[in-house]
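Colleague: With the hints in hand, could you dock these two chains into one complex?
Chains as they are written, first to last, in this note's numbering: chain H, 813 to 891; chain G, 44 to 250.
It is worth saying that the hints were derived from the structure and are not from the lab.
Among the clues, some could well be false.
As a list, the in silico BS3-like pairs of lysine-lysine whose alpha-carbon atoms are at most 30 Å apart [to be verified]: (1) H/Lys-884 - G/Lys-140; (2) G/Lys-178 - G/Lys-86; (3) H/Lys-856 - G/Lys-178; (4) H/Lys-884 - G/Lys-86; (5) H/Lys-857 - G/Lys-86; (6) G/Lys-69 - G/Lys-140; (7) G/Lys-239 - H/Lys-856; (8) G/Lys-226 - G/Lys-140; (9) G/Lys-143 - H/Lys-884; (10) G/Lys-86 - H/Lys-856; (11) H/Lys-820 - G/Lys-69; (12) G/Lys-143 - G/Lys-86; (13) G/Lys-226 - H/Lys-840; (14) G/Lys-86 - G/Lys-69.
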Amino acid sequence: MNCRGIVKELSNYLDEALDSSLKANIEKHLEHCEDCRVVVDTTKKTIQIYCNSEPAPLPDDTRMRLHEALVKRLRRVRA
Amino acid sequence: MNPVAPRPIPSQVVKEDEPVLVAAAKSGDITAFETLVGRYERKIFRLAQNITQNREDAEDVMQEAFLKAYEHLGEFQGNSRFYTWLVRIAVNQALMKLRKRRPNQISLDEEVDTGEELMPREVQDWGPSPEDRYKQSEVADILATTISELDPSFRIVFQLRDIEELSTEETAEALGLSVAAVKSRLLRARLKLRQKLSRYFRRSENS
Numbered sequence: 813m814n815c816r817g818i819v820k821e822l823s824n825y826l827d828e829a830l831d832s833s834l835k836a837n838i839e840k841h842l843e844h845c846e847d848c849r850v851v852v853d854t855t856k857k858t859i860q861i862y863c864n865s866e867p868a869p870l871p872d873d874t875r876m877r878l879h880e881a882l883v884k885r886l887r888r889v890r891a
Numbered sequence: 044m045n046p047v048a049p050r051p052i053p054s055q056v057v058k059e060d061e062p063v064l065v066a067a068a069k070s071g072d073i074t075a076f077e078t079l080v081g082r083y084e085r086k087i088f089r090l091a092q093n094i095t096q097n098r099e100d101a102e103d104v105m106q107e108a109f110l111k112a113y114e115h116l117g118e119f120q121g122n123s124r125f126y127t128w129l130v131r132i133a134v135n136q137a138l139m140k141l142r143k144r145r146p147n148q149i150s151l152d153e154e155v156d157t158g159e160e161l162m163p164r165e166v167q168d169w170g171p172s173p174e175d176r177y178k179q180s181e182v183a184d185i186l187a188t189t190i191s192e193l194d195p196s197f198r199i200v201f202q203l204r205d206i207e208e209l210s211t212e213e214t215a216e217a218l219g220l221s222v223a224a225v226k227s228r229l230l231r232a233r234l235k236l237r238q239k240l241s242r243y244f245r246r247s248e249n250s
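Just chain G, same shape as in the assembly (with noise of 0.2 Å):
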């Protein structure tokens, strides 16, 4: 596989002291290891949650992915972000329990052909900053319940893609898909979260 070029990474998910912190927790030094963990619960908690959609099963995903990202800490060599080691632990900790739960209903392996059209047929234009007209914590119920809405094959790229900002190929490679399926899903993904968010983000007539 070509290399994979790197994408800009957001100052508050990748610190730069992230290798020193990785490479103390792999000589054993455990509260360097237990700084990792509180740097990325929150967002592991959440991917756990977005896949899973309950949330004894997010806890329990987040549990094993931290233990077993220690246990595999030795094998972490360094040619990825920690971070995105991380992700795809929690990744297959999600798939396993999503599976298990829902052994019928999760075709994430299978080519999604909807035959659904996929040009808007909603066009409205949102206010200059939507999430201003909403609080905080409504903006955060908004987000969560819209993705929830998504079919889980979408739901799952658009979490990797752009909420954990994996790569196309990193994310091809956590799920076992093809870059081209990636690529269709993530389009259907975010047109789809579009004309919902539409509903609540839309310009008012007085806005």
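One chain only, chain H, in its complex shape (with noise of 0.2 Å):
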């Protein structure tokens, strides 16, 4: 396994998705070679700081639209 193969099963690494035999090549590499510990590790930041991150509370006015649109729509359903 060199830095180029490193880089093609990043993915399959990070999501747990690779059999055992692969995984432990990938782990031998990364023991030796400090670029591709710092490219796994930086990409499964950005993955979580992502994956963590709250969406913002919506503009009073965007909500105030969103359930005026629903009340008039689930009335009409209703009816």
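Modeller: As structure tokens, this is what we get:
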């Protein structure tokens, strides 16, 4: 396994979608390649920071219009 | 298609009472549906904003998505999570909006082979808690700006897989793409975002 192989399998490695022998090969490479370790680690952090980010509250006027639209349509569906 | 292995779902996304609320909404309980709307409106609005990159369009998409969800609730079989079903409706609405606004610029259906080198050019470690160096609102701005710089076909795949946490198969189905195309775009999106975020989060000389 070389650095190019690590990048190619990066997503599968982070998603834990690899068989154990390929995973072991990757980990063996990571033990002695600092650049690849950094790429794996910072890519993992990239995913985590997006995944954990909370969406901002809806602006008040946006929420108001959403609820007006819902009330209007729900009444029509129920009628 | 093979059954999709369940992915862990963060507790803030799906609460245990969701099936109860969905069942109540299906039998005509409007309050139950409103509770579901209140639970997911922020996420659906962000999803729509990230896809359309336009606030007005995002608002339309969110409204249409919830209205369609209500009207078609009877068709929801409970084979997937309600939220996944809702995301798929919102994605359809957002893509329609995007194609209408920029018909020649969106090539979601085409294979994207940029021929671009995947190997990272710049490899710099980040500090232990890079997001602690910025205020929460600054981090939110950095994330929104950075994802907006991605090509739409990468951005949407990353959004569905890594933010909405759909499986690869669910993402492929929602976007009408092959599993291989989803995987290839996801890898490129992750690498590009990593590189772009490094501008903000790389370890400074005195950290």
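Colleague: Each hint should be assessed against the structure and marked as holding or not.
Modeller: Checked hints:
With a C-alpha separation of about 22 Å, the suggested pairing of H/Lys-884 with G/Lys-140 holds against the 30 Å cut-off. This hinted pair checks out: G/Lys-178 and G/Lys-86 have alpha carbons roughly 21 Å apart, not beyond 30 Å. For a cut-off of 30 Å, the pair hint linking H/Lys-856 to G/Lys-178 stands: about 21 Å separates their Cα positions. Between H/Lys-884 and G/Lys-86, the direct Cα distance comes to roughly 23 Å. Compliance with the 30 Å bound is thereby established for this hinted pair.
This hinted pair checks out: H/Lys-857 and G/Lys-86 have alpha carbons roughly 21 Å apart, not beyond 30 Å. Proposed proximity of G/Lys-69 and G/Lys-140 is supported: the alpha carbons are some 28 Å apart, at most 30 Å. Straight-line distance between C-alpha atoms of G/Lys-239 and H/Lys-856 comes to about 14 Å, which keeps the hinted pair within the 30 Å bound. For the suggested pair G/Lys-226 and G/Lys-140, the alpha carbons sit about 25 Å apart, so the restraint of at most 30 Å is met.
Annotation: proposed proximity of G/Lys-143 to H/Lys-884 holds, straight-line Cα distance about 26 Å (limit 30 Å). Between G/Lys-86 and H/Lys-856 the alpha-carbon distance is near 22 Å, which keeps this suggested pair within the 30 Å criterion. A hinted pair counts as satisfied when its Cα atoms are at most 30 Å apart, and H/Lys-820 with G/Lys-69 does not qualify at roughly 45 Å. For the suggested pair G/Lys-143 and G/Lys-86, the alpha carbons sit about 23 Å apart, so the restraint of at most 30 Å is met.
A distance of roughly 24 Å separates the Cα atoms of G/Lys-226 and H/Lys-840; the hinted pair therefore holds under the 30 Å criterion. For the hint pairing G/Lys-86 with G/Lys-69, the CA-to-CA distance comes to about 22 Å; that is within 30 Å, so the pair holds.
In terms of the numbered hints stated before, the structure departs from hint 11 and from no other.
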